[in-house]
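Trainee: If you want the building blocks of each chain, they are given just below.
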Amino acid sequence: MATEQAKQQYKSLVQQHSPPRPIVRNLLASFVVGGLISVLGQFIWIWITRLGFGAKDAYAYTGAVLIGLSALATGFGVYDALAKFGGMGANLPITGFANSIVSPAIEFKREGYVMGVAAKMFTIAGPVIVYGLAASALVALVRWLVIGVGR
Amino acid sequence: MNLAMIIWAFVVGGALCAVAQLVVDIFKLNPGYVMVGFVVLGAVLSGLGLYQGLVSLSGAGATVPLTGFGHTLVQGMLEDMATKGWLGVFTGGLKGTSVGLSAAILFGYISAVIFTPHG
Amino acid sequence: MQVVEQAPERLGRYTVRFRTAPRLLGRASVVGPMEGKGPLGQLFDRVTDDDILGQKSWEQAETAYMVDAGRLALENAGLEPKDIDLFVAGDLLNQMVTSNVAAGRLGIPLFGIYSACASFTQGLFMAAAMVDGGYARHVLVATASHHKTAERQYRYPNEFAHQRPPTATWTVTGAGAVIVGPGDGDGPRITSGTIGRVLDLGIKDPYDMGSAMAPAAVDTITRLLSDTGTAPEDYDVILTGDLGELGSKLLYELTAQSGLPVSQQHKDAGVMIYAPEQDAHAGGSGAACVAVVFASWLVPQLAAGQVQRVMVAATGALHSPTLIQQGGSIPSVCHAVTIEGGQDARA
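Chains as they are written, first to last, in my numbering: chain A, 217 to 367; chain B, 13 to 131; chain C, 3 to 349.
For reference, chain A alone in the conformation it holds in the complex (with noise of 0.2 Å):
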């Protein structure tokens, strides 16, 4: 078993040798893609709205179609180049969300509809959603319990 002083030494040498990350041009990749996903956002948004329906339930619309978009470029099989190029401007979106649920639904398709698509769906987006709802709920309580709802 390797001491602990031989892990902290072997741990630097990795270090030292280890390749960087493009940081800067990671930076700047992922601004430009999740800056653009967010821009088409917008753009659906104003389509939407001049359909007709109010801006709050339009956002809600907008989402949807981002989810649908994203879907389609899951399933030909492009999103995931939007990822190598944009890392996180790719994941961040909504259509990284969606991408997190179609991706595992089509590639467990081999191992059965139920099984398979339905049960590993929520792999990677299950914890956002489980997440994102025990957080707010915590978030909303302390608020209510401080300030009341207050706007």
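Since the hints were made in silico from the structure, they are not lab data.
Just so it is clear, the structure is predicted and the values come from calculations on it, not from any experiment.
Any given hint might turn out to be false.
What the hints assert, rightly or not - Derived DSS-like pairs (lysine-lysine); straight-line CA-CA distance at most 30 Å:
hint, chain 1, residue 1, chain 2, residue 2
1, A, K300, C, K39
2, A, K300, A, K325
3, B, K96, A, K300
Said to hold, decoys possible - Below, a sample of chain B positions facing chain A; criterion: calculated Cβ distance under 8 Å:
hint, residue
4, L15
5, A16
6, F22
7, G25
8, G26
9, Q33
10, L41
11, G44
12, V46
13, G65
14, S68
15, L69
16, G71
17, L85
18, F127
Stated by the list, open to error - Computed spacing ranges between beta-carbons, pair by pair:
hint, chain 1, residue 1, chain 2, residue 2, range
19, B, L41, C, Q44, 33 to 43 Å
20, C, S265, B, A16, 54 to 64 Å
21, C, G261, A, I239, 19 to 29 Å
22, C, Q308, B, H130, 33 to 43 Å
23, A, Q232, B, L69, 18 to 28 Å
Backbone N, C-alpha and C fix where the C-beta goes; we use that ideal spot for every residue, glycine too.
Dock chains B and C against the given chain A, drawing on the hints supplied.
Mentor: For chains B and C alone, coordinates are given in the frame of chain A:
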């Protein structure tokens, strides 16, 4: 008005993603963990009353990233809590996000039916 | 053609000299399109057009790769499944299912083994031991892997959008097979082997397996050298499986520190199998990586007399996804064999 919002959408949406990317690269985390972190961040900012301003300024730049998901959850809960008290936590959260979640599940299932995995 | 009896059989703590120096009677490699487009593309016996091979899933395709490589190796040796006494096979999938199904199709008795990407050299060692000890006359050794089956089992669904870090490796799609037989006759022969110890220096990043495995490679290689009383210069090639760019650097650093630098002789199958433009980041990996490079790049050179003595030291990262999620670090192992070419078994 519209053009300014479009530019802000780009800047804010891009900036949120860029910060997420920085977190991934510096702390060597998986995208899944960072996505969770940012939903929670959105919920916290929303609770502090800081996120609505971002939505007014940049529209989709604030609602498209997952932080917006956290914001929608919190606001949905608070809305219901105004009339139902603490029960609003249960009735209000998924209400606001129902469109997105339903779309994700339904489109996900349909996609699995139509598409074949090919990596 | 005389085989000189060498004694003793055990050298040092972990090294074995195979008295009868079992030979490699046949070899074959079958790879996917990406490997076919790589620098060694022309050398592989078969390059498939796609990675699904008309099967219903990538897992079934992986099995098809292994069966195909096995059959080609048999053809190459002029043998049939009924001539083979034992099939030693390994792969990366849970329960080694690829090897299990392939063995059923080939109809050869199976010892399934798992040491991740070191499975192939473990297989070579075991085959040599069985033949040297007289327990088997012909042994078929094969390993297989597939990029998409590895991704969906170890990491993410294949279509999931994510960025791979620079140290990530790309699992090789394909299978390599060799047939080991009695030491009488010509051809490359397995003269010794070292069984690896499991080492764990605290690396937890499954996207940087090179760093996790380098210490094991250093340990096994240095012990093989000291147990056999040889030095790196005595070998024409020291081939590792998938240390990748970073792992190789660490290997050089650590072996230089201990006075047995291997950088001159060292080649890494993972670094060799893909070109930089193919963007495999740190290189290739997977149970098939060292197998296909060994079978189609190294063995022909031995057979043709271009190299005389080589060491094949494949490493394996022995973690599971659960171990990683529970915060564990990656234990790894390196199994090595020495192969000498031509007609005389060297002392």
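Trainee: Now, for every hint given, state plainly whether the structure supports it.
Mentor: Hints and how they fare:
1. A:K300 <-> C:K39: This hinted pair holds, its Cα atoms lying about 21 Å apart.
2. A:K300 <-> A:K325: Holds. K300 (chain A) to K325 (chain A) sits at ~24 Å (cutoff 30 Å).
3. B:K96 <-> A:K300: Answer violated: K96 (chain B) to K300 (chain A) is near 46 Å, above 30 Å.
4. L15: 10 Å, violated
5. A16: 11 Å, violated
6. F22: Holds, about 4 Å.
7. G25: 3 Å, holds
8. G26: 3 Å, holds
9. Q33: 4 Å, holds
10. L41: 10 Å, violated
11. G44: Holds: closest Cβ of chain A sits about 5 Å from G44 (chain B), inside 8 Å.
12. V46: Interface hint status for V46 (chain B): holds (6 Å vs cutoff 8 Å).
13. G65: Because about 12 Å separates G65 (chain B) from the closest Cβ in chain A, which is outside the 8 Å limit, the hint is violated.
14. S68: This interface hint is violated because 10 Å lies over the 8 Å limit.
15. L69: 12 Å, violated
16. G71: Interface hint status for G71 (chain B): holds (5 Å vs cutoff 8 Å).
17. L85: 4 Å, holds
18. F127: 4 Å, holds
19. B:L41 <-> C:Q44: 33 to 43 Å: Once the Cβ atoms are compared, 41 Å apart, the range 33 to 43 Å for Q44 (chain C) and L41 (chain B) holds.
20. C:S265 <-> B:A16: 54 to 64 Å: Holds, since S265 (chain C) and A16 (chain B) (Cβ atoms, about 59 Å apart) stay within the stated range.
21. C:G261 <-> A:I239: 19 to 29 Å: 37 Å, violated
22. C:Q308 <-> B:H130: 33 to 43 Å: 40 Å, holds
23. A:Q232 <-> B:L69: 18 to 28 Å: Since Q232 (chain A) and L69 (chain B) have Cβ atoms about 45 Å apart, the given range 18 to 28 Å is violated.
The structure is inconsistent with the numbered hints 3, 4, 5, 10, 13, 14, 15, 21, 23, although it conforms to all the rest.
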